[in-house]
Amino acid sequence: MQRTTEPLLALQGVTKRFGSLVAVSEASLDIMPGEVHCILGENGAGKSTLCNLIFGVHVPDKGEMRFRGEIYRPTGPSDALVSGIAMVHQHFSLVHDMTVVDNVILGQQRGLVNTRAWVRRLERLANDYGFALDPYAKIDDLSVGERQRVEIIKCLIREPRLFVLDEPTAVLLPDEIAALLDICRRVANGGAAVVLVTHKLAEIKKAADRVTVLRGGRVVARSDRPAEEIDALVRAMIQGDVKSLDKSAASTLGVGEPERVRTTAAPSETPTPEAVQIDGLTVIDNQGVTRLDHFTLAIGPGEIVGVAGVEGNGQSELAAALSGMVEPASGRVFLGDTETTHLSPRQITAAGIGVVPEDRHAVGCVVEMSVAENIFLNRLDAFTRFGFLRRKELIEAAGDLMKRFDVRAAAPEIAFSALSGGNQQKAVLAREITLPKLAFLIAAQPTRGLDVGAVAAVYGHIRAACERGAAVLLISSELDELIAVADRIVVLYRGRIMGNCAADPSERESIGAMMAGQAR
Amino acid sequence: MTWELFAVFIGSSVRLAVPLFLAGTGELVSERAGVLNMSIEGMMLTGAFGAAVGAWATGNPAIGLLIGVVAVAPVALLQAVLSNTLRANQIVTGIGINILILGATTLAYREIFGARSREQIPGLAKWSPPLLGDIPVFGEAVFQQVWLFYAGIAIIVLTALVLRYTALGIAIHAAGAEPRAVDKSGVSVTGIRYLGVMFAGFMSALAGAFLSIGDIHTFTEGMTRGAGYLAIAAVIFGKWTLTGTVLACLLFGAATALQFQLPTLGVNIPNAFLIMLPYVLALLAVGGLAGRQTAPRALGEPYIRR
Amino acid sequence: MTDVALSGYRRIREWVRPSVVISISAVVVAGLLGLVLIFAINVSVPDALSAFIDGTVGSPYAIAASINRSIAFALVGIGFVIANRANLINVGGEGQIAVGGIAATAVALYGGVAGLPAGLPFIIPLVAAMVAGVIWGSIAGVLKIKVGTNEVISTLLLSFIAVWLVYWCVQSPALLRKPMTSSATLPESLEIPDPTKLPLLTGDYSFPLNTGLPVTVVIAIVAGLLLARSLFGVQLRAVGFNPIAASRAGISYQRMVMFALAIAGALGGLAGGIMLLGDQYVLKDGFSSGYGFDGLVAGLLARGSVVGVIAAALLFGFLRSGGINMEMVAGVPTALVMVIQGLIVVTLAGAAYFIRQRQ
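Protein chains in written order, with my numbering: chain A, 6 to 525; chain B, 731 to 1036; chain C, -7 to 351.
Chain A extracted, bound-state conformation (with noise of 0.2 Å):
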C-alpha cells in the first residue's frame, strides 16, 4: 500500500453558522487515505456538523472542501456518495418496515430488483468483514447493534474510498465496539481512510492513527501519535485537566479508572418502608413481543441503583411503564405503601415520582413552549385560579428555578427551543426534582449528548437529591458513568435481569458480560 502525500479529504476554513449559533467555525483539516483518523471533543463541540458538512447534508458558509485534489462542492448526500464518501450516522436511517436487503438496495440501482443478487452480494461481504447478517430480516425486528450493522453494510458495499462513522460506539456491547475498530482498521487498510468521531478516548488510545480535536466548533489541537498524547488532547478537548474533573464527568470520556464517588453503602436487607419496590414488572408491546421480562428490584431512601445495558433492552420500556406512560402486563409497582402500578402520569407525579426521560424531545417537553410553561408543565394548576392562568407568577417562579439550576436563558418567557441540550436537559431535571414531595427519581439517560460541564451538574443535582432521600434509579447506557454515581447496579439484556453487583470498577468486566446476555 503506497502512501501518497496528497490528503484524500482537505478541509479549509470551513465555517458553518446556524442562525446565531456558530457550529463549526475556521476548521481546517486533512485526511489522508488508509488511516484511521478520530475527530475528538465533547458533546456540542461541533463534531456532527462537520461529519454533515463532509457527506453534503450541509453547505458550509465559508471555506473550502477538497476531495482528491478537486474542490469539493457537495449540494446533497448523492453528491457525496457519488465522490465515494459514505457515512454511517447517528441516528440509523433504515426503514423499518422493510427487510436489510431492500434497504440495501435503496438509492443503489434503477429498474428492476433482482432481490436474489444482492442477497448473495450483501452474504458475502457481511463474511468478509466478519459479521453475520440475515438479509430477509425486518429492520423493526433487529437490534441496535444489528441495525448498526445493516447501515455499515450499506456504506461498505458502495467500497467507498472515504468511511465516515459518526460516535457509532455510544449504542453498542464491548465486544461489539472492539468488533467495530477492527472492521475501521481492515477498511483502512484496504486503502480507503476512515473517519471516527467520537468523545470517548479509549477508543481514540485503541483505533486513531491521527487525531483531530474540536471544541467549540474549533480546531484546538492535532496529533500524529495520540496513544502516547492522551492527555494533552483531552486538555485541549475540555479545555481544562482530567484531574479538576468531576469524576462522573470523567467517567463520561472514559478517562481513566472511574474512582467510586460514593462509598458503597452496605445495601439492606430489609428494605425500609419508605422504599421503592418493584416486583415482576413486565411490559409486553404492540405486537406480542415482550419488551421487559419480570423486573424486580428494590431501592432503599438514599440509594442509587444502576440499570446498565446497551440501549433496546428494556430500558425505554422500564422507564415508560413507571412513569405511567405505559399499561405493564403484569407486575406490581410499590412506594412505600402505595402501589404505583396501574396510575397515570399525573398521579405518579402526584405522589412525588420524578421521571427524566430519556428522549427529552419526545417526551420531556414541548420545545415550542416557553421554558417557563416547559418548567412547570406537570403543575401548571398550581398558578391557575378560577382556571385562568397567572402568567407573571409562573414567570417568577420559573426566573427562581432557572437561576438555581443554572439554566441558561435569555428570559423564561423564551422558546424552550432557544436553549442548548445541556440547559434543555437542566430545565427537565429542574422541573421533575422540585416535585414537592419528590420519593423516587428516574433518570433515563440523562448525560446523553451532554457537554462535561452539563454532565457534572446533572450529576450533582441527583447526588442532592439522594442525600434529601429520595431512591433514584438510573439507566444508562454509559457504563462508566454509573461505576462512577451509583451505588450498586443491575443489567438488562432482551428484558430480563442478567444479575447485580455493586459498583466497583473491579467489575466492569463481569458487568459487561452480562450485558452481552451472559448470565451471572
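If you're looking for bench data, these hints aren't it; they were derived computationally from the structure.
Some hints here could point you the wrong way.
Calculated cross-link-like contacts (lysine-lysine; reagent style DSS-like; alpha-carbon spacing at most 30 Å) [as the list claims (entries may be wrong)]:
#1 A:Lys252 to A:Lys408
#2 B:Lys969 to C:Lys138
#3 B:Lys969 to A:Lys143
#4 A:Lys143 to C:Lys138
So the derived list for chain A, only partly shown, Cβ under 7 Å to chain B, looks like this [stated by the list, open to error]:
#5 Leu86
#6 Ser88
#7 Ser98
#8 Leu99
#9 Leu111
#10 Arg115
#11 Leu117
#12 Val118
#13 Met330
#14 Ala334
Some chain B residues flagged as far from chain C (calculated, every beta-carbon gap over 10 Å) [said to hold, decoys possible]:
#15 Phe736
#16 Trp786
#17 Tyr1009
#18 Leu1013
#19 Glu1031
Computed from a predicted model, the values in this text were never measured in an experiment.
Using N, Cα and C, we set each Cβ at its ideal position, and we do this for glycine too.
For this one, chain A is given, so just place chains B and C on it according to the hints.
Here is chains B and C on its own, set in the frame of chain A:
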C-alpha cells in the same frame, strides 16, 4: 332476486367503483410516498371537466380524455409544489385546491355551456373482452364496460408490479416510511413525492374523465360529490395496500349501486339513506372496522434535511 | 419621539406581523384576480362592482343580512381555531351546522316549547342545536382517541352524511317534511312558530339583526380569553405541539381532543340553530351549503386568533352577500366567490413558507 338483476348489480357496482379505484390507486401511491393528497376531489373534477369540454369541442372522446389528463397537470403540479417545496400543510392545501377547482369548473362550465346545463357529450366507447363478454347472463352486464375500465385495470396491475419489483417501488415505500433513509442514500425525496402527486393527478384525471365521458356523458357542477374523499377512505380501509384499496373501492361501489338496485327489488328503504350508505361505510372503515391504522410514518410531513 | 409614542408605535408594529400582512395581501391579490375574472367573462366590471356594493352595504337589510351570514362563519371559524390549537383540523363545519339546524327545527316545531316563558322557546332549540353539534363533533373525537382516525377524513365524511340527513328529513313526511297538501308541495319543513324565532335586536324587519349577534360576540370574547389566558388554552397548545410530552406532564390527551372537537361541534351546531331560528325559519335541503367551508377558510385565514376569525367572517359574510347580488343583477356566477376563497387558502398555505423563513 333473479340472476339478471344480480348481474346488473355486479355490473353497476363495478362501474360505480371505477372512478374510486382509479383515484384510489393514485392516492395510494402518493400516500405511500408520504404526501396526503386531499385534493384528489378537485383533480377528479378537473379531469371530468377537461374531458367533457374536450370531447364536446372536438367530437372525439379519446381526445377529450387526453385533454382531461393535460388539464389536471397544473393542478397536480400546484399541489406538489405546495406540499413539497413550500412545505405547506397538506390538508389545508388540498381543501383549498378543492374549493378553487369547484369554483373554477362551475364558472367555466357556465361560461362555455351557459344555460344548456345538460348538454350531451360524446362518450367513450364500450368494450368487452373476447371470452368473458360472451358468458350468458353475466357476460354483457358485467364485462361490457367502457374501455377505460380495462385500461385502468392494466395500469393498476402495472402499478402493483412497479411497487413490488422495482427500485422505484422501494424508494416510494421508503419515502413515506423514513424519508431520511432516502435522502442519505442519495435519492431525491422531493423527486419521489412529486412523482407520487403527479401520478395521483394522472389517475384522478382518468377517474374524473370516466365519470363525465365514460359514464354519464355530461358534466354537472361538482359532479364528483365526495368521490375523492371516498377514495382516501378506501386507502385507509385497505391499510395502504393496493389490493386492499381496490377491494374497498368495490365495496363502496356496491354500496352506491344499492341505491339503484334496491328500489327495483321493491325494497323500500328511503333513498336518502342509500345515498348516505357509501359515506357511512367509509366512516366505519376509517373508524376502525379494519383495525388500528398503520399509515406510512412520514405521511403528511414535509421532509426537511437536517 | 416620546416613550409613550415609541411604545405605541412598537405595539402597532407587532400587530402588523408578517402573518397579518400576508393574510391581507392574500385577500387583496385574490380579490384583484376576481376582478380580472369578471372582466374575462365579459361582464362589465363597474356593473359587477356596483351590484356587489349594493348587495353588501347598499341597504340596512343588506348589511344585516351580511352580518347574519358572518355569524355562522364566525362560530364555525372560532370552533376551528379552538380545535386547531390542539392540532386538530375540523373540516366538518357544514355537517355540524346541518345537524344543528335539524335539531333546532325539530325541537322548535315538535318539542312543545312554543308556550314556555322567558325566552325558553328559542333557547331550548338553540341548546338542542348545540347538543347535536357536540354529538357530531364527538363522533370524530371518539374515533380519534380510540382508533387514531384522522379527524380530517372523519369530520368530512360526517359532513356528507349530515347533509344527506337533512335531505332525508325534509323528504320524509315521517320526519320533518311538511304535510303534503298537493303534489307540488316542496320538500321542506313547516315554518317554526313565532315564539321560537330569535327576537330581532331592533324589532325592525328591514334591519333584521337578531339575538344571534350578541350571543356570538359573547362567545368570541370567551373563546379569546380561553385561548389566551386560561389553563385550558395552555393545555390545548401543549397537546397540539407534543401530545406525548403533554401526556407525561399529566395533561390528558384524550380529554383535550374530545373537548376540542366537542366544542367545535357545539359552535357549528349553534351556527346552524341560529341560521334556522334567526333567519331562515324553514328547514330546507342544502341550507348549509358552503357555510362550513366559508367558516373553515375564515378559521384558516385567522391563523389562530379569534379577532382574525371575526375579521375574516365579516369579510366572507359581506363577500357572499355581494356575490349573490352580483349574480342576480350582473350575471356573475357565485362560483367566482368560491374561486377567490380557494385562491386565498392556497396562497396562505404557500405563504406560510415565507413567514417561516423570516422567523
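We went through each hint and held it up to the structure:
1. A:Lys252 to A:Lys408: 24 Å, holds
2. B:Lys969 to C:Lys138: Given pair B:Lys969, C:Lys138 holds - Cα atoms ~17 Å apart, limit 30 Å.
3. B:Lys969 to A:Lys143: Between B:Lys969 and A:Lys143 the Cα gap is close to 19 Å, so the pair holds against 30 Å.
4. A:Lys143 to C:Lys138: Given that 30 Å is the threshold and the Cα spacing comes to 28 Å, the pair holds.
5. Leu86: Given a least distance of 4 Å, the restraint on A:Leu86 holds.
6. Ser88: Result: violated, 11 Å to nearest chain B Cβ.
7. Ser98: Holds - the Cβ of A:Ser98 comes within 7 Å of chain B, reaching about 4 Å at its closest.
8. Leu99: Holds: closest Cβ of chain B sits about 6 Å from A:Leu99, inside 7 Å.
9. Leu111: 5 Å, holds
10. Arg115: 5 Å, holds
11. Leu117: 6 Å, holds
12. Val118: 5 Å, holds
13. Met330: 18 Å, violated
14. Ala334: 18 Å, violated
15. Phe736: 27 Å, holds
16. Trp786: Given a closest Cβ separation of 19 Å, the condition holds.
17. Tyr1009: 5 Å, violated
18. Leu1013: Label violated. Min Cβ-Cβ 5 Å, cutoff 10 Å.
19. Glu1031: It holds; B:Glu1031 is separated from chain C by about 13 Å at its closest Cβ, greater than 10 Å.
Checked against the numbered hints given earlier, the structure breaks hints 6, 13, 14, 17, 18 and satisfies all the rest.
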